[in-house]
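These protein sequences, in sequence, are chains A, B and C. With my numbering, the residue at position 32 of the first sequence is 32, and numbering never jumps. With my numbering, the residue at position 57 of the second sequence is 57, and numbering never jumps. With my numbering, the residue at position 156 of the third sequence is 156, and numbering never jumps.
It should be emphasised that the hints constitute simulated quantities derived from the structure, not laboratory data. Errors might be hidden in some of the hints.
[Unchecked claim] Taking lysine-lysine pairs in the DSSO-like style, the calculated list, with each CA pair at most 27 Å apart, reads: (1) Lys-106/C with Lys-93/B; (2) Lys-187/B with Lys-204/B; (3) Lys-187/B with Lys-206/B; (4) Lys-8/B with Lys-187/C; (5) Lys-3/B with Lys-94/B; (6) Lys-93/B with Lys-8/B; (7) Lys-187/C with Lys-206/B; (8) Lys-93/B with Lys-187/C; (9) Lys-3/B with Lys-187/C; (10) Lys-3/B with Lys-106/C; (11) Lys-93/B with Lys-187/B; (12) Lys-94/B with Lys-204/B; (13) Lys-94/B with Lys-206/B; (14) Lys-106/C with Lys-168/C; (15) Lys-8/B with Lys-168/C; (16) Lys-206/B with Lys-93/B; (17) Lys-168/C with Lys-187/C.
[Stated by the list, open to error] A short, non-exhaustive set of chain C residues, derived as facing chain B with CB atoms under 7 Å: (18) Leu-32; (19) Asn-40; (20) Ile-43; (21) Ala-89.
Cβ atoms here follow ideal geometry from the backbone N, Cα and C, with glycine treated the same way.
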Amino acid sequence: MSFSWMAWTLPTALFFLTILALLIGMSVWEYFAPGGAPRVGILRFETTRGDRLFISLLGAAFIHLAWLGLIGPNLWWALALAVVYAIGVFRFV
Amino acid sequence: MEKTWNNKAWFLVLPVLLLVAFSAAIPLMTVVNYSVQDTFGNNAFFWAGTDWFDDILHSARFWEALQRNLLFSFIILAIEIPLGIFIALNMPKKGIGVPVCLVLMALPLLIPWNVVGTIWQVFGRVDIGLLGHTLAALGIDYNYVRDPLDAWITVVVMDVWHWTSLVVLLCYAGLVSIPDAYYQAAKIDGASRWSVFRYIQLPKMKRVLLIAVLLRFMDSFMIYTEPFVVTGGGPGNSTTFLSIDLVKTAVGQFDLGPAAAMSIVYFLIILLLSWIFYTVMTSSDADN
Amino acid sequence: MARTIKYKPAGNLSWLVSTIYIIFLLLPIYWLVNMSFKENSEITGAFSLWPQNPTLRNYMVIFTDPSWYNGYINSIIYVALNTTISVLAALPAAYAFSRYRFLGDKHLFFWLLTNRMAPPAVFALPFFQLYSAFGLIDTHIAVALAHCLFNVPLAVWILEGFMSGVPKEIDETAYIDGYSFPRFFVKIFMPLIASGIGVAAFFCFMFSWVELLLARTLTTTAAKPISAIMTRTVSASGMDWGVLAAAGVLTIVPGALVIYFVRNYIAKGFALGRV
């Protein structure tokens, strides 16, 4: 049995390591400040910081797709936009 | 119920976690890996960057399949939800009729999906099917193999046949939870049939209706087997929905890269919908 | 007298609505049953509303030809495996979700839901690669594990709904009486949610039984399910309609046999235990 069929590449490995690091980071944050800081933001339902991370990541995925579909293949700008969006989500949602 | 905070509960979840990691997380990671690479032979991969996503997002075939899927889901909801409510309101509430109705109505839900396809494939044929034969005898030109509109009508009627009962059963479950006293109060007030529905029955059904709409939307959004058996996606591409298109690319042609990129776009849409479903459902759980 | 008064539409025709709807549901099924008792010459030749020369030939073909009856055996094997795995794994997890709060519980619950909602088409390709790598293609366990993708979450959701209905005082009393967790779970708790386990098992059975796409992708010959054998016959030239109809009728039988026992829980199962 080998894992070559999974066809790992450095960029995708980095991508998943980043996600993993984010999850670990959130767990550590949760450990030191339990409860998840629930609040009702502009979406008018209660979110915890885990929910806000999920909204940020999902939104980031759609931002990248939209950038690729509408503007062009230079995704660094999309990444910058996604970071701005994530900050917005953590601040206001 | 007040729940205790206990992180040891993770050990109880562990079997499920391992199973789902094996059957969901590893495949999804693989899909992400494939989506940025090209392959010519067995296990020889080349970096392709975002080319496949670029292709998908600019491919007319993908957008047409997506539009067909959305149109299909919309038609399905527009028919099944009102019809389901109407039938649930008219179902018997006590006596021998209740189990008879429940059992007979649930029957289509338990039929394997490819057999649902087979049933309608046969039923609609002009030469050997009751429906096709009757329509032909009435002088209606109906042929789901050749005419795209007829194919669409067949697929929609088939889905209505297959899944309306789910809406009926959910609404019925909501209706029987209304205490008799409500109706009696309405009776004393001389409320009309419509206001009973509008102010007593509809509010009680709100939650199950929400579940019904979301479930029907998502299941129709990933429909594969039934139209695949009946029409095979044709005539032409007229009933090729997203799942059918994806399976053609992935398993039929074994185009790993494009299929993986398409899977990811498809999955992201589903993820967004599931999240809406979950949020709506848990916040209405909290209301109750 | 007043107690029996119900609101009904004008003319008291409500029974008619249910009846017409049920006829609409049963007509296509009747047609399939009708065809399964006909000879092929009668199916394609004469158009008749019931079999003129009833025959059991089509059923005989299925029960005597190994390529047909093995399909049923294969389906039953992987469905049974899948139901067992799903319910056994889901029991402790559902207990955890219904009794405790823990780090990331809501997100895990949501992740399980997304797997129930994810289109199997997305997973067909990676599953094929994954099970090829493990040498599991064309085995029953491969299909059983693949179906866990949507059945484990389903079982967790349904069982959690039932377990939340059991008061927590029962757990606490048992612990005070000196029961260990496994003993309490098997001896006291499981009998209390027996109907829930039954419903969860029924729905795992059903969703695994009706699924075609993954089962077909992961099997070639040795573990090929009945549903895949049926589609192969459809694409072949010179259709044997009678046998196809008989095969279809036989796949409906298991669901039809047990549906009476779960009639009050059907809505609950489809709504992931949330009714």
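Practice prompt. Quickly compare the C-alpha distance for Lys-94/B and Lys-206/B to 27 Å and report which way the hint goes.
Written response: Holds, at roughly 23 Å.
Worksheet entry | Straight-line alpha-carbon gap Lys-187/C to Lys-206/B, limit 27 Å | violated, 39 Å
Item to complete: Starting from Lys-187/B, check that the Cα of Lys-204/B is at most 27 Å away, please.
Response: holds, 18 Å
Worksheet item: Are Lys-3/B and Lys-94/B close enough, with their CA atoms no more than 27 Å apart?
Response: violated, 37 Å
Discussion item. Take the shortest C-beta to C-beta distance between Asn-40/C and chain B; is it under 7 Å?
Written reply: At about 10 Å, which exceeds the 7 Å cut-off, the nearest Cβ of chain B leaves the hint on Asn-40/C violated.
Discussion item. Need the status of pair Lys-93/B, Lys-187/B: alpha-carbon distance at most 27 Å?
Written reply: With a Cα-Cα distance of about 17 Å, the restraint between Lys-93/B and Lys-187/B holds, given a limit of 27 Å.
Discussion item. For a C-alpha distance cap of 27 Å, please report whether Lys-3/B and Lys-187/C respect it.
Written reply: Given that 27 Å is the threshold and the Cα spacing comes to 23 Å, the pair holds.
Worksheet item: Given the proposed pairing of Lys-168/C with Lys-187/C, does the C-alpha separation stay at or below 27 Å?
Response: Holds: Lys-168/C and Lys-187/C sit about 16 Å apart, inside 27 Å.
Worksheet entry | Distance restraint between Lys-93/B and Lys-8/B, which requires alpha-carbon spacing of 27 Å or less | Not OK: Lys-93/B and Lys-8/B at ~46 Å, beyond 27 Å, violated.
Fill in: Holds or violated: Lys-187/B to Lys-206/B, with C-alpha atoms at most 27 Å apart
Judged against 27 Å, a Cα distance of about 22 Å means the pair holds.
Worksheet entry | Given hint Ala-89/C near chain B, where the shortest CB pair must fall under 7 Å | holds, 4 Å
Fill in: Ile-43/C as an interface hint toward chain B, with CB separation required under 7 Å
The hint holds - Ile-43/C has a Cβ within 7 Å of chain B, the shortest such distance being about 5 Å.
Going through the hint list in order, the structure does not satisfy hints 1, 5, 6, 7, 8, 19.
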